[in-house]
Every structure is written in C-alpha cells, then in structure tokens.
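Visitor: Listed below are the residues making up each chain.
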Amino acid sequence: MNATPLTRRKVLQTTANGFGYLAFSALAASASAQSAIRNPQSAIAPGPLSPKPPHFPAKAKHIIFLCMQGAPSHVDTFDYKPKLIADAGKSAPSAAGRYGRADLMAPKWEFKQHGKSGLYISSLFPNVAKHADDLCIINSMATDLPAHPQAFTQLHTGTTQFIRPSLGAWTLYGLGTENENLPGFITINPPGNATRTYGSAFLPAIYQGTKLGGNRLPIPQQFARRFGGQEAGMADIKNTRLNPEAQRSQLDLIQKLNQSRKQLDGGVSPEIDGVIESYELAFRMQSEVPNVMDLSKESAATQKLYGIGEGPSDTFGKQCLMARKFVEAGVRFIEITHGNWDHHTNLTAALENNCGQVDQAIAGLLQDLKQRDLLKDTLVVWGGEFGRTPHSQGTDGRDHNNKGFTLWMAGGGVKGGMNYGLTDDYGYEAVHNKMHIHDWHATLLHLMGLDHERLTYRYAGRDFRLTDVHGIVAKEILA
Amino acid sequence: MKALPYLCFALFAACASAQTESQPPHAAITPDQLAFFEKNIRPVLVEHCYKCHAANATKVRGGLLLDNKQNTLLGGESGHPAITPGDPAASTLYTAMTWEDPDMEMPPKQKLPDDVIANFKRWIEMGAPDPRESKIANPEGGRRQIDMTEGRKHWSFQKPVATPPPAVKTPDWAKTPIDHFILASMETAGLHPVRDADRPTLIRRIAFDLTGLPPTPDQVKAFTEDKSPDAVASVIDLFLDSARFGERWARHWLDVARYAESNGKESNVPYPHAWRYRDYVIESFNKDKSYDQFLKEQLAGDLLLSDGKKDQAEKIIATSFLALGPKGLNNRDRRQFQADLVDEQIDVVSQSMLGLTLACARCHDHKFDPVTQRDYYALAGIFQSSETLYGTPSQQQNNFPSTLIELDPASGQPAAIAKLAPTEVTRLKQEVASLTKASEEATREAMAMRQQGRDNGNVATFLRIRQARDRTASAQADLDLFTSDGTPRTLTMGVLDRPSPINSPLLVRGDINQQSDIIPRGLVEVLCAPDEPRNIAQGSGRLDLAYFIASKDNPLTARVMANRIWLHLMGQAIVPTPDNFGLMGMKPTHPELLDHLALAFMENGWSVKKLIKQIMLSRTYQMSSTYDAANHATDPDNKHRWRMDQRRLDAEAVRDAMLAVSGTLDLYPIDGSPVARVSEGRQGLIQLLTQVNSQPSPHRSIYLPIIRDQIPEFLSVFDFPDASLVNGQRDNTNVPSQSLFLMNNPQAIALADAFATRLNEFEGTPLDRLTHAYHLAFSRAPTPEELTAIRTFWMTFPTKVETGSSKNSQQHKDKAQKLALTTFCQALLASAEFRFLN
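Order-wise, the sequence lines are chains R and G.
First residue of the first sequence? That's 1 in the numbering used here, and the numbers climb one at a time after it.
First residue of the second sequence? That's 1 in the numbering used here, and the numbers climb one at a time after it.
I should point out that these hints are in silico values taken from the structure, not numbers from a laboratory.
Watch out, some of these pointers could steer you wrong.
[As the list claims (entries may be wrong)] Below, in silico cross-link-like pairs of lysine-lysine (DSSO-like), each with a Cα-Cα straight-line distance of 27 angstroms or less:
{"no.": "1", "chain 1": "R", "residue 1": "K256", "chain 2": "G", "residue 2": "K815"}
{"no.": "2", "chain 1": "R", "residue 1": "K238", "chain 2": "R", "residue 2": "K297"}
{"no.": "3", "chain 1": "R", "residue 1": "K238", "chain 2": "G", "residue 2": "K813"}
{"no.": "4", "chain 1": "G", "residue 1": "K287", "chain 2": "R", "residue 2": "K256"}
{"no.": "5", "chain 1": "R", "residue 1": "K130", "chain 2": "R", "residue 2": "K475"}
{"no.": "6", "chain 1": "G", "residue 1": "K818", "chain 2": "R", "residue 2": "K256"}
My request is simple: use the sequences and hints to build the entire structure.
Guide: Structure representation (structure tokens):
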C-alpha cells in the first residue's frame with residue numbers, strides 16, 4: 001500500500017465556494033514529500049489546502065501558539081515594574097479595586113536581567129529566561145473586555161461578539177499547508193465550549209482546526225473514546241476490528257466499486273475521484289498520524305530537554321514535542337492550550353505551579369527548534385487573553401486587567417532580545433506602542449507574509465478581514 | 001387572510017396619525033409645557049434621581065439613565081420604558097414613585113410627596129414633553145447619501161416579470177416551460193442536453209430529494225415496470241404525500257432559521273422547548289401550508305386571527321423562529337443585550353426571507369445596498385416593541401433569564417415529558433426548598449465571614465454562593481415545568497407584543513451610548529413604493545412586517561424561496577448566493593426562469609409542493625448526470641444545466657439512509673426531544689451530551705438534539721452547518737475525516753453489522769443476497785465487473801483478517817466469513833455511490 005503512487009490527486013472539492021480541486025501536486029512543493037514529483041502532469045488547479053504564495057516574502061512558515069488560558073499575570077513574569085515593588089502595600093490608584101480594599105502588590109519573584117540583551121524576566125521562568133535573546137516581549141498588549149469568554153474569543157477571532165473565523169483558519173486560508181497527509185491547523189487540548197477558537201465560521205469548513213485531546217465539558221469518562229482521555233488523539237484514526245492488511249482489502253473493494261461507478265457515469269467524475277483520493281489519504285493518515293504523534297522514538301536526550309517524564313512539565317512537554325514534530329511534518333498552525341491561569345486567589349502557589357508545568361517544556365521547544373534549524377521559520381507565541389491587576393485581590397490574588405498585559409514571540413521573522421511597548425509605572429495600562437489584539441493579529445499575519453488588509457473573504461455581501469477595519473503592523477519588531 | 005382588514009386599518013392609521021394626538025417624541029414643546037417641566041419635573045429628577053440614574057453618577061443603578069429624553073424613554077435593564085408618553089400606567093418611573101410595587105419603590109429611602117407624584121402623572125399625561133435632547137453629533141453628517149430611486153433599479157428590487165418561454169431549435173426535447181428556458185440558454189452556448197436518466201436512477205433521485213431516504217426495492221421495481229405516461233407524476237405524488245417529506249424539507253428551512261436547541265456562544269444553556277418549532281415546521285411542509293402564511297406565522301403568529309385553540313397554539317409556536325437565536329446571555333448591560341438580540345432577529349429575518357443583509361446597517365448605512373441606518377432602526381423598533389421569550393434559568397453566565405409562553409392545556413399540543421406522580425412533585429418541591437435553604441445559608445455564612453473580617457477568598461466564596469443559587473434556579477425551573485398536580489405545562493418559546501410599543505433611537509456607530517434621533521418604527525424604504533407609507537401606526541409592527549414580507553408585491557420573497565427550492569432539487573441555485581440578493585450577491589444565471597418560477601409559485605397559492613412537482617416534471621430535472629466531453633469542454637461547471645449535477649447527499653440523508661438500509665431506522669421518535677427530558681440549565685446539557693454519545697439514536701437525523709457547538713459527530717463530520725448562522729447552502733467538503741468516520745467509527749461499524757444481519761435473514765442463494773444488498777443500497781443490480789471485484793474480496797479478505805483462531809481452523813473460517821460479510825456491507829455504505837445522487 002505504501003507503493004501507491006502519488007499521481008494526480010483530487011482530494012477535496014468545495015463546490016459551494018468554487019474552490020475547485022485539491023491537487024496533490026501540492027505535495028511536490030513540500031519538503032517532506034518525496035515521491036510526489038513523479039508525475040509532472042500533476043500540476044493541475046490548486047486546491048484550498050495546497051500551498052499558496054504569501055503576499056510578500058516572509059520568514060515564518062509555521063506558528064506554534066502556546067495559549068495560556070485564564071490570563072497569566074504579566075507583572076509577576078515578563079513585565080518588570082520596579083515602582084510596583086517600591087510602592088507595594090500602598091493604596092491602588094482610584095477605584096481600581098472591585099472587592100473592597102485594593103493595595104498594590106509586589107511580585108513575590110525576583111526579576112533579573114538575562115542574556116546579552118538583558119531582558120528582565122522573573123524567577124518563575126528560569127529556563128525560558130535562558131532564551132532571552134530570542135524573545136520579543138510585547139509589554140503593551142490590550143484587549144477590549146476584561147471578561148474571559150469575550151477576551152478569549154477576541155484573542156482568537158478578533159471579535160468579542162460575532163461568530164468569525166479563527167486566527168488559525170485565516171492563516172490556513174491564506175497560505176494553505178505543506179503536508180496534505182496531515183491537517184494544516186491542529187489545536188491541542190482546546191478548552192471546553194470554545195470551538196470558535198479553532199472554527200472556520202464562514203470560511204470553507206476545510207480551514208477549521210483539527211482538535212487533539214481536550215475535553216469540551218467537565219465529564220471526562222464518557223468522552224474518553226472521542227478525546228482519548230488525557231492523551232491527545234484524533235477521532236476515528238484507528239479501526240478496532242481489522243488489521244491494516246484486512247482493512248486494505250476492504251479498501252480495495254471500496255475503490256473498485258468507486259471506479260465502477262465512475263465508469264457507469266461516463267468515465268469522468270471529479271467528484272468520485274475526490275472520494276477515491278480521500279480514502280487513500282485517510283488510509284495513509286492512519287499510519288502517519290500515529291507516527292507523528294508517537295513520541296517514544298524520540299531520543300532520551302530530546303525527551304529530557306522538554307522535561308518529559310520529569311514531573312510537572314511532563315504533559316505540556318509532550319504537547320510541545322508533538323508541536324515540533326507537526327512543524328517538521330509541514331503543519332501550518334499548531335496551538336496548544338494550557339489552562340487555569342485565572343489566579344484570583346492563591347496566586348503564589350498556583351502561579352508557581354503553572355509556570356513549573358510550562359517553563360522547561362517551552363525552553364526545550366525553543367532549543368530543539370533552534371538546533372534543528374526550525375526556529376528561523378517557526379514563530380513561537382506565548383500569551384493569554386489578558387493580564388492581571390497590579391493591586392491585590394483578597395490577600396493573595398490578582399484580578400482581570402485588559403488594558404495592559406504581556407505576550408511574547410520568538411523565532412520566524414521577529415527580533416529577539418527586545419521589549420516592545422510599555423505599561424505605566426505599575427502595569428495597569430499600555431502607555432507606549434500599545435498593541436491591541438487587532439494590531440497583534442496584523443503583525444502576526446505580516447510575519448507569515450500576509451497583508452491583513454488583503455487577506456479577505458467575501459461573505460454575506462462584504463469582504464471580511466481578521467482585523468475588521470483595524471490593525472497596525474508593529475514594524476519595529478520585524479527582524 | 002383573516003387579519004387583512006386589520007392591516008388595512010393599520011396602514012390607514014399610519015397615514016392619518018401623523019397630525020393627530022400620538023405626536024412623535026421629538027415634536028416641539030410649547031412654552032407652557034417647558035415651564036411645567038422646568039418648574040415641577042427637572043428639579044425633582046436632579047435632586048432625587050440623578051445620583052444613581054445619570055451618566056455622571058458614580059454608579060449607575062439598573063442601567064437606567066434619566067438625564068436625557070432618549071434614555072428616559074428607553075428605560076433601563078428591566079426592559080421597560082421609564083416613561084411612556086401619555087400613559088402613566090405604562091411608565092415604570094411613575095409606578096416606582098407611587099411605591100405600589102414593593103419590588104420597585106423609588107426613591108428608595110423616602111417616598112416623594114403626593115403633589116410631586118401628581119405632577120409627574122400630569123406631565124406624562126401631557127405627553128412627557130422633555131427638552132433634554134441628548135447632545136449627539138448629527139449622524140447624517142458627511143456620509144454617503146443613498147439615492148433610493150437609483151437603488152430601486154437593482155434587479156431583485158423590481159417585481160418579477162413574466163417572459164414567454166423562448167423558442168428553441170429542438171422543441172421536441174422540451175416538456176415544460178422550464179425546459180424552454182434551459183434549452184434556449186444551452187443552445188446559445190452551443191451545448192446539447194445529455195440523455196434522460198434511467199428509471200432506477202430517477203426514482204432514487206426523486207425519493208432522496210423528497211424524503212431524504214432511498215426508495216425500497218419494491219418501489220424501484222414498480223416504477224421501472226410502470227409504462228403509463230404519468231408514471232413519473234405518480235411517483236412524485238407518492239413521495240410528496242409521504243410524512244417523510246416534511247422531515248426532509250423542514251430541515252432545509254431549519255438551516256436558514258439557524259434552528260438549535262441551545263443558546264450557544266459563551267452560555268450554552270439548553271432551549272428545552274425549541275423542538276415545538278421544529279415539529280411545527282415539519283407539519284407545515286407536510287400540510288403544504290402556503291409559504292406566505294408560513295412566513296406570517298413565524299413573524300407574527302401571536303397576532304394573527306386563529307381558528308380555535310390548537311391553531312392559535314401552533315401560530316404562537318411559530319414565533320419561536322424569532323426567539324431561537326444565539327444570545328449574549330453573559331452580557332452585563334441589558335441595553336447591549338437587547339440591542340444584540342434585536343440585531344440577530346433582523347439578521348435572520350432579512351437573510352432567510354428576503355435574501356438581504358439588513359443587519360449590515362446597524363452601525364452605518366449599508367455599504368453596498370440601498371439600505372439606510374434609519375431603515376435598520378425603524379425595524380429595530382419593531383423588534384424592540386416585542387418581548388422575546390426563550391426560558392433558561394438564571395445562573396452563572398446567564399444574566400438574562402426569561403419566561404416562556406404557556407399555551408392552553410386544551411390546545412392539543414404534545415408533551416415531551418410524562419406527568420409526575422404526586423410523590424415526585426413533593427420530592428421536587430422538597431428539593432427546591434432544601435436547595436433554597438442551602439443557598440441562603442451559604443450567603444449568610446459568607447456575610448458573617450465578611451463581617452468578622454475572616455474573608456480571604458472573595459471569589460471562592462462568590463462561586464460557592466453562585467453555584468448554590470444556580471442549583472436552586474435549575475431545580476425551580478424543573479419544577480416550573482409542571483402544574484401543581486404534576487401535569488406538564490405546555491410551554492413554548494416565542495414573542496409577544498409589549499404592552500406599549502417603543503421607537504428605537506438611531507445609535508451612532510451602533511453604540512448604545514450614542515443615541516441620536518428617535519426613528520419611528522417602519523418598513524424597509526427601498527422595498528416600498530416612493531409614496532407608500534412605511535411607518536407603523538399601532539402595535540409593535542410585526543404584523544405589518546409580516547404582511548409586507550409575505551406579499552406578492554414584495555419583489556424578493558417569492559424569488560428567494562423559489563431559488564432555494566431550485567437549489568435543493570438541482571444542486572446549484574439560479575442566484576448562486578441564496579441568502580444574498582443584494583448588490584453584492586451574484587446575479588441569476590437564468591433571470592427569466594427565476595421570475596417564471598417565482599410567479600408560478602405565487603399563482604399556485606405559494607404551494608411549495610406544487611413548485612417542487614413543477615420542477616421535477618421538467619426534462620431538465622430528469623436528465624442523467626452522465627459525462628459529455630464536448631459539453632464539459634465548454635461548460636465544466638454545468639452552469640447551463642446540460643446534465644443533472646452529480647450531488648453529494650447531505651449529513652442527514654447519509655445517516656438516515658445508512659439506518660434505513662441496515663434495517664434499524666425507527667420512524668417514530670417519542671414526542672419532544674432529548675433536550676426536553678434533561679434538567680434545565682447547564683447541568684442538563686452535560687447529562688444530554690453524555691447520553692447522546694453513549695446511546696446512538698435509531699431515529700431520523702432531524703430528531704437528533706441540535707446543541708450549538710456540540711453537533712452530533714455523525715452530522716458534523718458531513719458538513720452540518722454552524723447552527724448559529726443563517727445557512728442557505730451547505731458546505732460540500734470531501735475531507736479524510738469523513739473517510740475515517742466511515743471506515744472506523746463505531747456507529748458506522750454497528751450499522752454495517754446490522755446490514756449484515758439483515759442480509760443473513762434474506763432467503764436465497766449468496767448471489768441473491770448480494771443482489772438484494774445492491775438493491776437496498778444502490779437501487780440497482782451489480783455489474784459483472786463488480787461481482788468479480790466482490791469475489792476477489794471474498795477470497796483475499798479471510799486470509800488477511802485475524803480472528804484469534806488459527807488460520808487453518810474451521811473456527812477461523814467461520815469467523816472470517818462472518819466478518820467478511822459485515823466488512824462487505826460496510827464497503828457498500830462507504831462507497832461513493834451510496835453518498836452520491838446521480
């Protein structure tokens with residue numbers, strides 16, 4: 001079955017939008033696809049997933065978005081505020097506190113300068129700090145609303161209210177993907193009831209994210225099959241009854257019936273060709289997907305790099321390693337969600353715990369990408385939907401803060417070792433080079449070679465953009 | 001039709017009222033009125049109200065602002081206008097002052113003197129003249145002016161025109177006027193029609209198109225042998241008359257009605273009564289209710305005259321259409337919530353019924369279509385004047401629970417839940433009581449802790465109280481489903497007119513805090529004749545809107561539906577953007593044909609079944625889908641319809657056909673919906689999703705629970721649309737997840753097993769069984785090549801498969817044979833032919 005030649009393949013058709021057929025010729029363009037070039041006639045109409053040229057040359061070809069759901073505290077991690085430390089205990093400015101007393105609260109972790117660039121990073125991220133010279137820390141992020149569902153939706157779709165395509169879907173729509181044996185947009189462990197963060201809305205369904213793991217509701221057992229429990233899995237990727245040889249003989253029958261139907265219809269049917277190719281792809285995915293997701297073949301050194309098997313960072317480490325493997329395999333957009341950053345109470349222990357779960361894994365990912373020469377065309381993004389207040393909530397917590405927070409990027413096309421933008425002296429509000437979510441989206445697309453004003457889709461009578469009518473590219477951070 | 005006299009009156013009144021006592025709110029104020037206001041009203045408002053109800057208040061209470069006229073008329077979070085000019089009883093400001101309602105006594109600490117209250121009464125009775133116009137820049141300034149005369153020239157804003165069927169070079173081919181239109185365009189393009197479909201192909205096409213199910217082998221045989229000239233007409237009637245027809249065609253409408261049984265968005269609480277609307281739509285299509293009536297009922301069923309309790313109940317259920325949308329239940333500002341709710345209603349009404357995107361004019365005049373922002377707010381007033389009732393208990397992330405409409409118990413409506421035994425009623429009551437107590441205790445405890453200064457985890461405490469209250473609200477909602485003797489109450493979602501209608505202010509940039517002119521409730525200007533009155537005289541205006549849309553004079557309504565019907569029968573629409581007939585929509589490929597169909601539709605009493613039959617009787621519909629090299633070279637997309645498109649079955653048809661062929665389809669679901677049988681609130685959703693995935697349903701797909709963002713995987717994998725959006729044409733993807741589903745999903749495998757069992761029970765030789773399988777799945781016999789392929793499979797498969805027994809043993813052979821049969825059955829269900837219509 002592995003000998004199946006990759007000839008003219010039309011995998012997919014979306015008649016509704018007139019996109020034509022997905023050409024397997026696309027595989028020829030992929031670094032990881034070797035045998036596709038055998039048939040030069042395969043250069044037929046490009047399909048919705050085949051690689052498309054960017055609007056302009058760009059360094060980033062892949063995105064790994066490490067999404068910290070719940071809004072991590074910026075003043076305790078990447079936004080160093082000496083005045084906040086100095087004024088700790090003083091009353092917070094104006095009516096900042098929603099719950100009674102509100103006093104400024106100093107971070108409990110020491111900030112130090114790291115790398116040649118001397119970026120300030122707190123002791124919560126000792127391993128990420130080793131990569132300071134690769135980080136572009138954006139301290140001036142802002143979003144519209146200090147409420148999780150709306151802000152989380154805006155982070156992913158640009159809007160707090162409407163049902164719109166997600167960032168990953170827009171990227172896939174704009175650029176296609178490099179390996180059509182795999183989905184082009186994979187989201188690992190997405191939170192419950194947040195399908196919009198990887199949905200395609202009015203974009204063709206093909207651009208939506210493929211979900212691995214992640215319980216949509218707090219009822220794990222019943223969904224174990226679908227979601228693979230705590231482990232990430234892809235739906236229906238394995239047959240429980242037939243071994244590959246037996247299933248291949250079933251598939252041979254299906255394909256003969258399909259060929260026969262095509263003959264009955266006059267010998268030409270792109271529709272049936274599409275089905276035939278879809279089966280071949282699905283069959284190949286059954287062996288390729290588990291391979292990409294199989295981390296056991298990675299060396300002990302690599303596993304150690306990500307903190308796999310070493311307590312707190314084991315789970316996130318595996319997910320980061322899987323993300324690297326997806327990048328190697330040509331997947332365009334990978335998102336990993338890490339939850340529970342909403343530290344209204346018990347901040348000292350909980351934030352430390354959370355950082356412990358991701359720090360080693362993220363550092364390992366950056367190092368691994370670098371040593372494989374993948375970081376130069378992979379953009380790694382770390383951030384959440386907003387930040388937290390410089391004043392305390394209760395005795396050991398921080399409240400929501402949407403007017404100023406921090407997100408960082410590294411790799412593909414972005415300058416390393418820099419801070420971009422500023423919040424005020426305490427970290428309440430972005431005051432210099434403010435980067436609203438729309439601006440971040442515009443910049444992100446720019447790094448991928450897409451002009452956010454030209455990346456449009458016509459729906460319900462008008463051209464839609466990820467950035468709506470907003471968005472300014474932060475040119476200063478482009479490498 | 002019975003309500004028509006009322007409408008005439010309404011329109012008449014609209015003309016007459018401009019000069020009479022119901023003065024527009026922005027009418028000039030007389031000096032006497034101004035003096036009265038400045039002396040008796042303004043000082044009181046400033047002294048006693050502004051502290052909590054003005055824009056500069058430290059904290060605005062109840063979302064109510066009384067510091068300018070527009071906000072005072074609009075009211076606050078209660079959703080009621082604070083002042084209804086001329087009507088003190090409908091003015092919550094006045095009611096609050098009188099301290100008659102113990103829940104609303106204002107100002108809270110000290111009742112105002114009686115003479116002050118009397119002054120307010122007098123002021124309201126004189127029409128509440130108020131000089132405090134909000135100071136907002138003129139929204140008209142510097143914007144593009146829409147030229148309505150020019151705008152009305154767009155093709156779809158002009159009424160359909162009858163064109164005689166054109167002459168063609170080969171008139172023998174054409175059977176009906178439709179064929180003349182199609183053939184003429186084909187001939188112009190140098191194309192020729194392909195051969196007619198054979199009988200088995202044709203009946204399979206007709207059966208799926210009308211019922212969403214394959215024909216039975218007996219039906220195929222009878223049709224193939226029927227040599228009478230009206231064989232096709234009879235078989236069409238057979239399926240049109242089947243109760244399965246409504247189950248198929250209702251689903252098409254449910255797609256554009258963005259039907260679902262939960263709210264979706266951030267607060268995905270169930271709508272346990274939404275199924276009544278689903279059943280109403282099924283019933284309407286089965287009865288062939290005239291389409292204009294169907295639309296009127298959904299927009300204003302509560303206001304139409306009815307023929308008895310049952311009819312009235314059904315008409316009220318129809319208005320669920322307006323109440324089913326996704327809502328921002330976790331919003332904090334009622335005005336924002338209300339504005340978004342109305343926006344969603346305008347969007348669904350305009351796209352589904354008119355093929356227009358009127359919601360685009362919320363923040364500015366429509367960028368492309370001749371629709372102004374005034375048009376939008378004229379419509380918004382109509383919906384603001386109606387109360388949308390959708391249920392849902394109060395809980396975290398749901399700040400806007402609403403009531404439902406209770407229908408007459410004698411209205412003959414089915415119940416989704418059984419009557420409760422008295423002991424059960426008692427138990428439920430006790431549960432509510434104990435949960436109430438628990439939540440009160442949690443609250444008290446938290447208060448006590450706070451007073452003692454022991455409170456160090458505000459949010460945790462808050463969450464605990466919130467959860468206790470949520471559980472109480474859910475249990476109370478469960479109890480509220482029954483009368484005191486345990487009989488289920490007959491509840492439905494829907495809309496009702498508010499006691500007094502309100503006009504909406506135009507919101508600059510759609511911002512609720514930037515109110516401009518008050519816009520009288522009214523209809524869309526570009527669709528009215530230049531001199532036609534558009535304003536609403538009395539009531540919310542929904543009835544006027546209903547008659548305005550469901551009208552032969554409306555240039556869009558019939559065209560939009562005729563186009564939808566053509567799309568479902570042909571695979572491509574005449575206007576390829578079925579939900580957008582505006583300037584940014586695509587032009588019709590066959591404009592004269594579209595008008596022909598729209599006119600015929602209206603002339604035949606807006607009968608959907610008649611229009612379907614008319615299209616099906618055309619030779620255009622009855623062509624085969626075979627390939628033709630010469631035609632294909634000229635017109636690869638079949639825009640000229642030189643053949644029938646090869647179409648993909650949609651999700652429901654794939655699933656229903658798999659159930660039917662495997663012999664496991666149960667056509668008779670229990671009344672209601674699984675959603676109605678779980679608890680209210682989020683807890684119910686969790687119960688439901690557990691149940692849905694663990695117990696696959698044997699019922700038709702239309703009866704599966706449609707929870708927004710949690711669509712059953714069998715449907716979502718085959719392009720079921722986003723249930724939060726209007727969707728006139730489904731995606732048609734062919735992605736590997738579909739192949740993986742058919743190859744590996746336990747539901748797919750279980751259906752193959754059932755199919756195999758069914759074949760095993762069929763009397764005859766192995767070849768007879770195989771042929772029977774083909775007849776069931778494909779409505780035809782296998783070809784010799786296919787038989788060869790199947791034989792090859794039968795020889796190789798048993799050597800590959802592992803059964804746990806030694807390969808040479810008899811046990812292995814038996815097990816392998818059994819597995820071969822079910823694997824063969826699965827192959828038939830998974831093949832392209834099963835999922836395609838030729």
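Visitor: Now tell me if each hint is right for this structure.
Guide: Evaluated hints:
Among the hinted pairs, K256 of chain R with K815 of chain G is consistent with the structure: their alpha-carbon atoms are about 25 angstroms apart, no more than 27 angstroms. Of the supplied pair hints, the one linking K238 of chain R and K297 of chain R holds, its CA atoms being roughly 20 angstroms apart against a limit of 27 angstroms. At most 27 angstroms may separate the alpha-carbon atoms for a hinted pair to count; K238 of chain R and K813 of chain G meet this at roughly 25 angstroms. A hinted pair counts as satisfied when its Cα atoms are at most 27 angstroms apart, and K287 of chain G with K256 of chain R does not qualify at roughly 44 angstroms.
With a CA separation close to 26 angstroms, the supplied pair K130 of chain R and K475 of chain R stays within the 27 angstroms bound. For the proposed pair K818 of chain G and K256 of chain R, the alpha carbon gap of about 21 angstroms is at most 27 angstroms, so the pair holds.
This entry does not satisfy hint 4, going by the numbered hints stated previously; all others are met.
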